[in-house]
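Q: Using the supplied hints, reconstruct the complex from the two chains, each of which is provided in its own coordinate frame.
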Amino acid sequence: MGILKVQNVKKVYKSRRGARVEALSDISFTVNKGEYIAIMGESGSGKTTLLNILASLDEVTDGEVLLEGMNYKHIPNDELAAFRRQHLGFVFQDFNLLDQFTLKDNIFLPLVMANLRVKEMNAKIKDIAAALEIEHILNKYPYEVSGGQQQRAAVARALITSPSLILADEPTGALDSRSAQELLDLFAAFHQAGQTIIMVTHSVYAASKASRVLFIKDGKINNEIKKNAMNEDITQQIFDMQSAAVTRRSTSL
Amino acid sequence: MNKNLYGKLALTNIKKNRLMFLPYIITCIVTIALFYTMNSLVNDTALKNIPGGNFTIDVMKFGSLLFTILSLFFLLYANSFIFKRRKKEFGLYHLLGMEKRHVRKLLRLENLLIALLTILAGIIIGLVFTQVVGLAMSMTMKAPLASNIISILAIIKTIGTFIIIFFIIYLYNVKQIHSVHIIELMKGGQSGEREPKAKYLLALLGCILLIAGYLLSFTVNNPKLDLNAMITAVVFVVAATYLLFIAFSVVLLKMLQRNESFYYNKDYFTLISTMLYRMKQNAVGLSNITILSTATMIVMTTTISLYFGVNTMVNNTFQFDVSITNTTEHEAEQQQLQSFIDNQKERFNVDIASLISYRGGQFAADLTGDGKEDFFRILPLEDFNTLTNERITLASNEVLLLKSKETAELQSINLNDESFKVKDKVEELPFDTSLADNIEDSWIYVVASLTGEFAQAADLENSLTMYQDFNLQGDSKQVNEFSHAIADEAETIGNVYVEAKSIYKETVLGSFGGLLFLGIFISVILFAETALMLYYKQISEGYDDRHRFAIMKKVGMSEKELKRTISRQTLIMFLAPLAVAVIHLAAVLPLVMKIIGFTAAMDHTMVVLGSALFAVILFTIIYGVTFRFTEKNYLRIILHSSKLKP
Ligand SMILES: Nc1ncnc2c1ncn2[C@@H]1O[C@H](COP(=O)(O)OP(=O)(O)O)[C@@H](O)[C@H]1O
Ligand SMILES: [Mg+2]
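If you're matching them up, the sequences are chains D and Y in order. Going letter by letter, the first sequence gives residues 206 to 458 in the numbering used here. Going letter by letter, the second sequence gives residues -9 to 636 in the numbering used here.
Bear in mind the hints are in silico, worked out from the structure with no lab data behind them. Treat the hints with care, since some could be wrong.
As the list claims (entries may be wrong) - Distance windows between CB atoms, simulated:
#: 1; chain 1: Y; residue 1: E79; chain 2: D; residue 2: G223; range: 23 to 33 Å
#: 2; chain 1: D; residue 1: Q291; chain 2: Y; residue 2: Y67; range: 41 to 51 Å
#: 3; chain 1: Y; residue 1: V118; chain 2: D; residue 2: T266; range: 52 to 62 Å
As the list claims (entries may be wrong) - With a straight-line Cα cutoff of 20 Å, these simulated PhoX-like cross-link-like pairs (lysine-lysine) come out:
#: 4; chain 1: Y; residue 1: K544; chain 2: D; residue 2: K309
#: 5; chain 1: Y; residue 1: K395; chain 2: Y; residue 2: K415
#: 6; chain 1: D; residue 1: K345; chain 2: Y; residue 2: K270
#: 7; chain 1: D; residue 1: K345; chain 2: Y; residue 2: K415
#: 8; chain 1: D; residue 1: K309; chain 2: Y; residue 2: K467
#: 9; chain 1: D; residue 1: K331; chain 2: D; residue 2: K309
#: 10; chain 1: D; residue 1: K345; chain 2: Y; residue 2: K187
#: 11; chain 1: Y; residue 1: K165; chain 2: Y; residue 2: K95
#: 12; chain 1: Y; residue 1: K5; chain 2: Y; residue 2: K77
#: 13; chain 1: D; residue 1: K278; chain 2: Y; residue 2: K544
#: 14; chain 1: D; residue 1: K324; chain 2: Y; residue 2: K256
#: 15; chain 1: D; residue 1: K329; chain 2: Y; residue 2: K256
#: 16; chain 1: Y; residue 1: K5; chain 2: D; residue 2: K309
#: 17; chain 1: Y; residue 1: K6; chain 2: Y; residue 2: K51
#: 18; chain 1: D; residue 1: K309; chain 2: Y; residue 2: K187
#: 19; chain 1: Y; residue 1: K553; chain 2: Y; residue 2: K256
To be verified - Per the computed footprint, the stretches of chain Y lying under chain D, defined by three or more beta-carbons under 8 Å from a beta-carbon of chain D, are:
#: 20; region: 241 to 255
#: 21; region: 261 to 267
#: 22; region: 546 to 553
It should be emphasised that the depicted structure is a prediction, and the values quoted were computed from it without experimental measurement. Backbone N, C-alpha and C define an ideal beta-carbon position, used for all residues, glycine too.
Excised from the complex, chain Y in its bound form (with noise of 0.2 Å):
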């Protein structure tokens, strides 16, 4: 046989097989498409330049590693499934004398050809998504981003990772091929599925599990100390789908099947028989598209809460515009800084506003006696008295505290050995102390007369820190560029520290875009996943399911009630997977929302519900509309053969 003869073959095979080539071609091609994607921008100079900008890289390169890893099983797993309906023919070259190595030629020209094809057409895609992509983040982190049109090394990176994954998946064919008997070949996927026999404990096994799994997400309280808690959470949950879907499922139809009046019933019986011989094989691929399902609703959730939460986010740590610190002994630089902001706010066209100035310390010390080290802040009384127009006075052993969770019990507090007579609770401070509550609520906060015992105690006069807090008012724009002038001023005079909520803004929008991106972009990825997999279930199950159909009909079966048990079916396979999957989602809210509430410091309850709910309306749409896809192949598939023929 000569070359050109196997190429043809090739070709006539991927022709012939494409409802099956078709969407692996597809998958490759976008795989290959968003590799590329995000390797250029990973390389992409102006990316770099931004702020945040350099924490989305990092995100991204360990994204890209991880993406390659799951593009190689991701591959596999859709090539193994057109390999095992490909047994037959493969089995029938062996029957008409082709030998081992003749097929493996085959193999490695329909590969290369696959390979040629998909990768070429990948970076063509991967060029223009790029340019989408890189508008959408510049959007999303709200600063330019001008984007390399060609990225040749992202290319060369491209194109050896996809050659290397194409071999293992040649290299996996050809072992299929030879560790398989040729009888067995010709059997293909055909070969007799027993029936799943009950099995009671794994069932109930997953029942607990399940529970356990839920309880532990509810249970909880700070998931950065339960990490093992947290973990275990996700394994229980995990295997208990597995479970439920492999044995419980099967008990359950069982227990419908052995409820004969039910059973023996029209709509009933082809439906239950059918899940059930199907469990077997149906129970893991259901299992992944739940676990997959749940994890892109998860990764939507929370990269929506976090996008919407960054100005929550960014309120709740910053109550002032710009804020100025700097120590005592260098109120010289501070009132250089006062200065350059009293002569350029005109310049900026921005107002000040609400100004306040304060002096204060930090110290740790373990001021209630409870041996344990807290922090706390000193606010001198003198300043107290300034900001709050009061009037109060305290003896030179007394202070006031704070009131909070901490403080509402003591009346007195202890440093150095020394006891200090706690006169007054304060109900609030003239300054936010929100944040101190949301992060660390250990905050105590001391108010002393800075000629006090107290402050000689902590040594207050050496470490006093001066406070000035104030908001710009005028055009955004205007504020943040006065906001990064006042910062680069004060960077220049030295020793005085600027902090401003709108470049915080910009430094959390670049990194929380770059996450957002990434978010997008794995639910993507794991979205694809799900409905390759469906797409593959379905049409391999098509293929076993003609022939049954077939038989129900020459038996009576008209085709109206075919349909309409096909239609349910497929409804039930589509149903049971995402309902589980919501369920899932829901259970692990609590988590998600400690999670987000812990990292972004933000009022999240209704944030992550909000997008939880919009996680899940997307993603019930989008699947259903890729359900409807392999539903009509499936269909296809079913009435082409059973159409009034034997």
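Bound-form chain D, shown alone (with noise of 0.2 Å):
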């Protein structure tokens, strides 16, 4: 049952000054209730876009994304917000914690956007806080805290609506590699429990959690690795797909 479909999706930029920059060239895939997808490529393959195609924050030259079956060409725009608060999880590499704010009411704002009660509000925090182990530090600011806390938080952030689908933009990036593993063991989890998430990724071994693994290259998807049963170990194929890359890359110089 596919829960995201996304057709053909092309995305081109343009600078001010005319310069086309194509970031997606031509990129389908649908992914299913439940799955958990990472996205591996080069800097510059156009990752990040697609994903924020995917968040709603960019629109597409061309093609077609349906979430549940609406298509984004066919919202609103100051329906928009609302669409992404409803049915879209994010985390980033650099947390986008505000500063202004404690961990907890970082946490509420997708809620107080959404007008939620105080009441309803504080019982949907207690049982994520406590999945995520940050139930002592949700009176804290972002700087009093460590990276792996604010991304922690972060995630709690993106889960507290219960949206359909969390999108990553290498959440692991910025962390250490302690805090990327319980992160990554965090989605894991998730994942368990029937949370689909989209994550972009450098790190084989955060891919190799994931059911499975879409290659970009140059705007385009260029591979995938499907996990056959849930306890695969898919790292040496991702592994080989890399190098592989590597490789081409290296002999078409």
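A: Listed below in structure tokens is the structure:
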């Protein structure tokens, strides 16, 4: 059952001087409910662009994106924010927590925007904070806690609206290896609990936790690895695919 | 790296950062233009020759000195804003291998470029402005003023002063570059701002100081005597302003934050938290704006009041158009002047009206026996009877007194150890005594017979002065010319003195015209400073807020909500200083009234209230326009990058 459909998506950036950059050429894939997708590719291959389009933060030049049957193109501009709030959760490399808010208020932000009552918000944060082990630091400010803790707060903010899809752009990129490992374990746990996740990553280890890995090159998906069983180890396959890409590039030079 | 490259880099830097540089450059140009104008006028020969002109020049000389100091701080402040934002850029230069001396060179060139541009433009605009101001001054002073087209002296002074100022600015920037570590430079203005703590004690102190300051302003009775109280009031209110913005605002916002069902609301959530977060760096800026706004409005109110009060003041001082004074021994001279007036009035086409003449004397003694010497005037009973058509007689040891607060209870008065019986109190004298009431409320008027004992005790005979008051009817210009003619004639004759209302008015207008000009000038400068402060505050916040709003957008805030939050936030930031400034103004108005009443001896309440209202409205309009402009730029900075982009 496809929760997200991406059909022939093309994205061309035009600079003010008229130069064209084709960030995405022709991307198509479907994500099923409960899948955990990792997207890999070299820097500049278009991963962030793709994620932003899935996040409805950016518009496609051509093609279509449907989430739970809703075509992004048909959502009016003033409903986009509400749509994002209800259906999507984001985790970014640089956490994107607001310094003016405590961790708790950062996590509450999407709920406040959705006009939830304080009681409901407090009920929601309880379980999530417990799962992410950040209950004791909820009243601290982002600059008072570690990067790993900040990222877990960001994850809590993404999860608190129970979104159909979590989008994560290199969430471990700014973390030390232990915090990264902990975060990936959390993602795996959410996946096991049925959460659909799309994660952009450079780390082979991170990708190996996913149920499917998409490889992007020059704005196209040029390869894909799929786990047949949940506990299958695909680390070697990913590694081979990456080194193949590197070899191809060096021979073509 | 060659010199050309630096030049190019300097030029590109200015172009690239034009959003920050432009207001700075404009500020420099305006400051320089105003500086030139002031100095050019001070050197104006024509100004010296008009009545009160010297006073105006003195005031402007002082103002010019003040202005020089102000310009330095003002431009340094504006520069520091830009510099703070550019720290990252300089950090990058270091990282790219530029040495500090290279950066110094770059700064030197940038500064030189700006100095050349702004000094040149400033002087050119100043030349034009001088003509306009000269014309305006001529009109306000009601006297012709032939301004020099170009004042070489002023140009040299302007160039010299501002080269020094720009050099100081350059030194400041160099010092910044040297004292700051590269890592810090790289972080720039972005470094983690901690949320301010609620300081209840300071907030309380702020409230107390404010109330104390206000109370002082209300209770100071004689501004001249209570100078200390007045200064204390000002210091209290200024300190209170800072404390209120720094501490009280935080306490208030924290209180709102603690009310969860209020705080966790779409409309207030980001608003309260952002303001709270911002308060640390905002508080000082907001206080500065508040104090500058208050100062601007006070100067405006005072200036307008004084200018519009001139007529009242002149009329209060002079009840008659011309007063002639001489001692009795010089009666012949007075007769001579009298015949001159009679002969000449036809030539000026002016009629003499309501002529009254009387004699009298001024003395000082402790009449009331309270141990204090009072001023008193004696009006001979003989003249009193003539003027009032009465036939009052007094015994030799009797006197009449003008009814007043001081004399109401007096049954007798003492002079030289003799006691005199107060036979009666006179309701009013046949000539105006309001001036004495207004300025020195302790004058006592005694009506005593020339042949009586009181006149003898005061030795009136040897100090008897003759007064002649009359009005001139005719065209006001001819009245003025005739007044001058009479005054000139009296000077030629000698020993007879003339005071004329229209001459006095000329002098007053001269000095007040200068004051008015200075008031407008200072208002403009203060306002320019306020506007600049506002602009830099908004722009620098814009750069910080843009990241913040981009995140909010990602987390599910719509553009509409974003704009609403921003406009609410800016409205509060706009209204807060203005509201506090207006309240401050209202609180110091009684003081302003007293000062004006004191210096200008006029019925001031309505004039001051009207002027204050006018000042508030005018200020709000100009402030509003400025704010709109800065807000637009702020929005442009924020929406530019968060526009559907990560
Ligand atoms: N806003 C933009 N305007 C112009 N070009 C862009 C923009 N964002 C990304 N690009 C270009 O699109 C390509 C893909 O970028 P991105 O999606 O960020 O790559 P990745 O995240 O895989 O490193 C790059 O060549 C980048 O320069
Ligand atoms: Mg990227």
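Q: With reference to the structure, classify each hint as holding or not holding.
A: Against the structure, the hints:
Between E79 (chain Y) and G223 (chain D) the CB atoms are about 28 Å apart, so this pair conforms to the stated range of 23 to 33 Å. Taking 41 to 51 Å as the suggested C-beta distance range, the pair Q291 (chain D) and Y67 (chain Y) conforms, at roughly 48 Å. A C-beta distance of roughly 54 Å is found between V118 (chain Y) and T266 (chain D), which places it inside the suggested range of 52 to 62 Å. A hinted pair counts as satisfied when its Cα atoms are at most 20 Å apart, and K544 (chain Y) with K309 (chain D) qualifies at roughly 18 Å.
Only pairs whose Cα atoms come within 20 Å are accepted, and K395 (chain Y) paired with K415 (chain Y) is accepted, the gap being roughly 12 Å. The suggested pairing of K345 (chain D) with K270 (chain Y) holds, with an alpha-carbon distance near 18 Å, which does not exceed 20 Å. Distance restraint check for K345 (chain D) and K415 (chain Y): the Cα-Cα separation of roughly 81 Å exceeds the 20 Å cut-off, and the hinted pair is therefore not satisfied. For the hint linking K309 (chain D) to K467 (chain Y), the alpha-carbon distance of about 79 Å lies beyond 20 Å, and the restraint is violated.
With a CA separation close to 10 Å, the supplied pair K331 (chain D) and K309 (chain D) stays within the 20 Å bound. Restraint check for K345 (chain D) and K187 (chain Y): satisfied, since their Cα atoms lie roughly 13 Å apart, inside the 20 Å limit. For the suggested pair K165 (chain Y) and K95 (chain Y), the alpha carbons sit about 13 Å apart, so the restraint of at most 20 Å is met. Distance hint between K5 (chain Y) and K77 (chain Y) is fulfilled; the C-alpha atoms sit about 17 Å from each other, no more than 20 Å.
A hinted pair counts as satisfied when its Cα atoms are at most 20 Å apart, and K278 (chain D) with K544 (chain Y) qualifies at roughly 18 Å. For the hint linking K324 (chain D) to K256 (chain Y), the alpha-carbon distance of about 15 Å falls within 20 Å, and the restraint holds. Restraint check: the Cα-Cα separation between K329 (chain D) and K256 (chain Y) comes to about 18 Å, which is no more than 20 Å; the hinted pair holds. About 43 Å separates the Cα atoms of K5 (chain Y) and K309 (chain D), which puts this hinted pair outside 20 Å; it is violated.
As the CA atoms of K6 (chain Y) and K51 (chain Y) are separated by approximately 39 Å, the hinted pair breaks the 20 Å bound. A threshold of 20 Å between alpha carbons decides the hint, and for K309 (chain D) with K187 (chain Y) the separation of about 18 Å falls inside it, so the pair holds. Simply put, K553 (chain Y) and K256 (chain Y) have alpha-carbon atoms about 13 Å apart, close enough for the 20 Å limit, and the pair holds. With a cut-off of 8 Å between beta carbons, the region 241 to 255 of chain Y has 4 residues touching chain D; three or more are needed, and the interface restraint holds.
Under the rule that three or more residues need a Cβ within less than 8 Å of chain D, the assignment of the region 261 to 267 of chain Y holds, with 4 such residues. Counting residues of the region 546 to 553 of chain Y whose C-beta lies closer than 8 Å to any C-beta of chain D gives 6; at least three are required, and the coverage claim holds.
Of the numbered hints given earlier, the model fails hints 7, 8, 16, 17; all others are met.
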